[in-house]
Amino acid sequence: MGHPTMPLPSRALDIVNVRITFRKAKVPLLEAVSFRDKSKAYAEVLALGHINECVILQTCNRMEFYIVTPEGESIARKLSEYLANRAGAMREEALKAIETALNHEALMHLLHVASGLDSMIIGENEILGQVWSAYLEAESFKATGPILRTVFKKAVSVGKRVRTETGISRGPSSFGAMAVKLAESLLGGINGRNVIVIGAGEMGTCVAKALARHKPRAIFVANRTYDRAVKLAEEVGGKALKFDMLEEALVEADVAICTTAAPHYVLTRDSICRILERRRGNSDLLIIDISNPRNVEKSIKEVAGVKLYDIDDFQAIVEKNLEEKRKGMEKALEIVGKELPNLFKELKEQSVRELISRIVSRAEDMRKEELARALNMLGSIGDRERKVIDDLTHTILKRMLLPIVESLKAAALNGDEQLIEETVKLFGVEGVSLLKWSGANG
Numbered sequence: 264m265g266h267p268t269m270p271l272p273s274r275a276l277d278i279v280n281v282r283i284t285f286r287k288a289k290v291p292l293l294e295a296v297s298f299r300d301k302s303k304a305y306a307e308v309l310a311l312g313h314i315n316e317c318v319i320l321q322t323c324n325r326m327e328f329y330i331v332t333p334e335g336e337s338i339a340r341k342l343s344e345y346l347a348n349r350a351g352a353m354r355e356e357a358l359k360a361i362e363t364a365l366n367h368e369a370l371m372h373l374l375h376v377a378s379g380l381d382s383m384i385i386g387e388n389e390i391l392g393q394v395w396s397a398y399l400e401a402e403s404f405k406a407t408g409p410i411l412r413t414v415f416k417k418a419v420s421v422g423k424r425v426r427t428e429t430g431i432s433r434g435p436s437s438f439g440a441m442a443v444k445l446a447e448s449l450l451g452g453i454n455g456r457n458v459i460v461i462g463a464g465e466m467g468t469c470v471a472k473a474l475a476r477h478k479p480r481a482i483f484v485a486n487r488t489y490d491r492a493v494k495l496a497e498e499v500g501g502k503a504l505k506f507d508m509l510e511e512a513l514v515e516a517d518v519a520i521c522t523t524a525a526p527h528y529v530l531t532r533d534s535i536c537r538i539l540e541r542r543r544g545n546s547d548l549l550i551i552d553i554s555n556p557r558n559v560e561k562s563i564k565e566v567a568g569v570k571l572y573d574i575d576d577f578q579a580i581v582e583k584n585l586e587e588k589r590k591g592m593e594k595a596l597e598i599v600g601k602e603l604p605n606l607f608k609e610l611k612e613q614s615v616r617e618l619i620s621r622i623v624s625r626a627e628d629m630r631k632e633e634l635a636r637a638l639n640m641l642g643s644i645g646d647r648e649r650k651v652i653d654d655l656t657h658t659i660l661k662r663m664l665l666p667i668v669e670s671l672k673a674a675a676l677n678g679d680e681q682l683i684e685e686t687v688k689l690f691g692v693e694g695v696s697l698l699k700w701s702g703a704n705g
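Under the working numbering, the sequence shown is numbered contiguously, ending at residue 705.
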């Protein structure tokens with residue numbers, strides 16, 4: 264029955280956030296550092312050093328890494344260099360745009376992101392789904408674990424609470440809705456216009472539904488997977504479009520809103536020039552690109568007969584949106600401020616959960632072994648007597664372990680590492696890793 268007694272290695276773990284966002288970077292830089300192959304991205308990032316868990320959050324407005332590591336500051340530097348090198352000729356610009364945060368600041372930032380407080384469009388709804396999708400994607404690559412799962416679940420929970428209890432999501436609260444509002448503003452209304460939505464994913468769905476409320480003449484939905492285009496078109500009373508018919512449809516369109524996430528341009532300068540040759544006599548074609556990365560070639564802006572807008576052109580609408588939502592933001596910040604200590608408590612309790620589980624499991628194994636020996640010595644007794652003895656030993660064990668479990672939870676909350684390590688020695692439990700915040704944060 265002997266187990267080797269091994270002291271718990273005293274190793275601090277940091278939660279690190281390294282990011283480039285719209286706050287300090289324009290679309291070309293965000294595009295330069297974005298990943299088109301996430302599998303390769305995770306492989307490269309995890310190879311940078313001792314990284315326990317990793318989640319990459321990439322949207323049209325941000326490229327962020329969330330890392331659990333015993334080498335916090337070192338990994339933050341390596342990730343910053345890695346991100347800057349991805350920018351190529353814009354490396355120096357990237358170095359100025361990169362922001363880093365550890366522990367308290369990193370977690371606070373994620374809660375702000377999930378709550379829509381760090382979005383270009385305050386109260387944005389899409390980011391909530393993107394945050395959880397980023398975690399699930401990391402999980403699919405086996406890149407993450409229990410710490411970031413707790414963190415991201417809390418972030419999504421807080422994000423939902425903020426939207427429920429504040430007015431932060433009222434009005435245009437997504438890039439899809441904002442794109443439709445921009446089109447309406449530029450054209451003096453969408454009623455009676457032919458509109459094409461390129462892409463039938465989450466963003467495309469948001470755009471199509473927002474468009475339907477404005478009663479355009481026709482909504483066409485183009486998607487590489489035709490079945491998805493059909494499904495979305497049916498939802499909004501539109502018409503599905505096979506992707507190879509996109510150029511044909513653009514000849515008669517007034518507006519095209521691009522929401523795809525293709526690894527290449529969906530609309531190029533050459534394709535637009537071909538379309539414009541057949542649009543003689545028609546008004547200018549308005550194209551709004553809210554793709555990630557950009558899927559409409561930027562040089563199209565130089566072509567007569569077409570007006571191209573992307574996320575960098577949203578600033579005036581964003582400022583108006585910010586002013587309208589200021590009260591909701593104050594309430595949202597208050598909610599985040601109250602929820603952050605709860606997240607720290609969960610993480611600290613989680614840090615001893617595995618230890619408690621192993622202690623209870625080992626004690627239960629011993630109980631069953633001794634119970635079997637005692638019942639064997641008693642010889643022939645009935646099932647009722649066996650159950651009474653089994654319940655008795657189980658209750659005694661539970662009552663004996665309760666103060667130990669409570670003491671370990673309290674030790675985790677209070678940072679009493681000595682008590683935890685002495686408990687590890689006492690019970691001979693090995694191979695348990697603990698989350699212990701480095702520095703003063705948390």
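Worth double-checking, as some hints may not be accurate.
What the hints assert, rightly or not - Taking lysine-lysine pairs in the BS3-like style, the calculated list, with each CA pair at most 30 Å apart, reads:
| hint | residue 1 | residue 2 |
| --- | --- | --- |
| 1 | K287 | K416 |
| 2 | K601 | K444 |
| 3 | K631 | K287 |
| 4 | K583 | K608 |
| 5 | K672 | K631 |
| 6 | K590 | K444 |
| 7 | K688 | K672 |
No lab work stands behind these hints: they were computed from the structure.
Cross-check of the supplied hints:
For the proposed pair K287 and K416, the alpha carbon gap of about 28 Å is at most 30 Å, so the pair holds. Between K601 and K444 the CA atoms are separated by roughly 34 Å; this puts the pair beyond 30 Å, and the hint is violated. Among the hinted pairs, K631 with K287 is inconsistent with the structure: their alpha-carbon atoms are about 61 Å apart, more than 30 Å. Distance hint between K583 and K608 is unfulfilled; the C-alpha atoms sit about 38 Å from each other, more than 30 Å.
For the proposed pair K672 and K631, the alpha carbon gap of about 26 Å is at most 30 Å, so the pair holds. With a CA separation close to 22 Å, the supplied pair K590 and K444 stays within the 30 Å bound. For the given pair, K688 sits about 17 Å from K672 by alpha-carbon distance, which is consistent with the 30 Å threshold.
Checked against the numbered hints listed earlier, the structure breaks hints 2, 3, 4; every other hint is satisfied.
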